[in-house]
Amino acid sequence: DVKVTQSSRYLVKRTGEKVFLECVQDMDHENMFWYRQDPGLGLRLIYFSYDVKMKEKGDIPEGYSVSREKKERFSLILESASTNQTSMYLCASSLPAGGATYNSPLHFGNGTRLTVT
Amino acid sequence: SQQGEEDPQALSIQEGENATMNCSYKTSINNLQWYRQNSGRGLVHLILIRSNEREKHSGRLRVTLDTSKKSSSLLITASRAADTASYFCATDYVLGETSGSRLTFGEGTQLTVNP
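If you're matching them up, the sequences are chains A and B in order. First residue of the first sequence: 118, per our numbering; consecutive thereafter. First residue of the second sequence: 8, per our numbering; consecutive thereafter.
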């Protein structure tokens with residue numbers, strides 16, 4: 118079974134802090150994603166990566182950056198945390214099929230619930 | 008919004024009954040996926056149905072896709088208390104001829120199965 122591990126289940130940070138959310142997958146998947154989940158807004162894509170050192174902006178990249186130095190690890194960085202970034206953050210990975218990003222299932226981690234005070 | 012919309016928002020049934028959840032979307036898609044999320048956890052993939060498919064089964068799950076109506080349904084037969092969760096549809100829709108696609112999630116249906 119694919120395992121996607123997010124380093125923290127719960128995180129509390131102060132406004133202005135630099136925050137790192139780490140995600141590791143063990144199935145050699147090319148694609149990795151960061152979503153945030155908020156009540157009433159569903160899941161929204163922040164960034165995704167289709168290869169090492171490659172990244173693409175999702176729908177809400179503002180205030181975030183990412184790093185993918187190794188295939189198995191995809192980090193989400195909040196440069197200067199703000200209270201509106203309080204959310205559940207979900208990492209996912211997938212194996213591209215037929216040259217298409219979303220042609221195979223996404224495997225999600227258990228999420229990191231971040232609170233910024 | 009391009010995202011799929013689930014209906015109903017919440018559904019409460021008794022164990023043994025069938026549960027049907029619907030998803031509607033707005034533009035052409037490559038595929039449609041259903042996911043399940045237990046409270047406070049990540050999403051788990053259930054079924055992926057491609058745009059040229061009309062029906063798929065997996066155990067007690069049955070998914071249909073009607074591209075002419077831009078809708079899909081997820082049927083869970085003989086439901087169990089352990090099926091209590093949120094269920095999301097996600098549509099892989101085309102951004103443009105050279106712009107790839109995007110997987111967009113709806114807000115989910117909260118299913119409660121009472122013992």
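By construction, these hints were calculated from the structure, which means they are not laboratory data. Possibly wrong hints are sitting among the right ones.
Not everything, but these chain B residues come out facing chain A in the computed CB check (under 10 Å) [said to hold, decoys possible]:
1) K33
2) T34
3) N38
4) Y42
5) V51
6) F95
7) A97
8) V120
9) P122
All values derive from a computational prediction rather than experimental measurement. Don't be surprised by glycine CBs; every beta carbon is placed ideally from N, CA and C.
Results of checking the hints against the structure:
1. Because the beta carbon of B:K33 sits about 15 Å from the nearest beta carbon in chain A, more than 10 Å, this interface hint is broken.
2. Taken as an interface hint, B:T34 does not check out: its beta carbon lies about 14 Å from the nearest beta carbon of chain A, beyond 10 Å.
3. Because the smallest distance between the Cβ of B:N38 and any Cβ of chain A comes to about 7 Å, under 10 Å, the interface hint for this residue holds.
4. Taking 10 Å as the C-beta cut-off, the interface hint given for B:Y42 holds, the closest approach to chain A being about 8 Å.
5. Against a cut-off of 10 Å between C-beta atoms, the interface hint on B:V51 holds, since the closest Cβ of chain A lies about 7 Å away.
6. A least Cβ separation of about 7 Å between B:F95 and chain A falls short of the 10 Å threshold, and the interface hint therefore holds.
7. A hinted interface residue such as B:A97 counts as satisfied when its beta carbon comes closer than 10 Å to some beta carbon of chain A; here the least separation is about 8 Å, so the hint holds.
8. Nearest Cβ of chain A to the Cβ of B:V120: about 22 Å, over the 10 Å cut. The hint is violated.
9. Evaluation of the B:P122 hint against chain A yields a violated restraint, the C-beta minimum of about 26 Å exceeding 10 Å.
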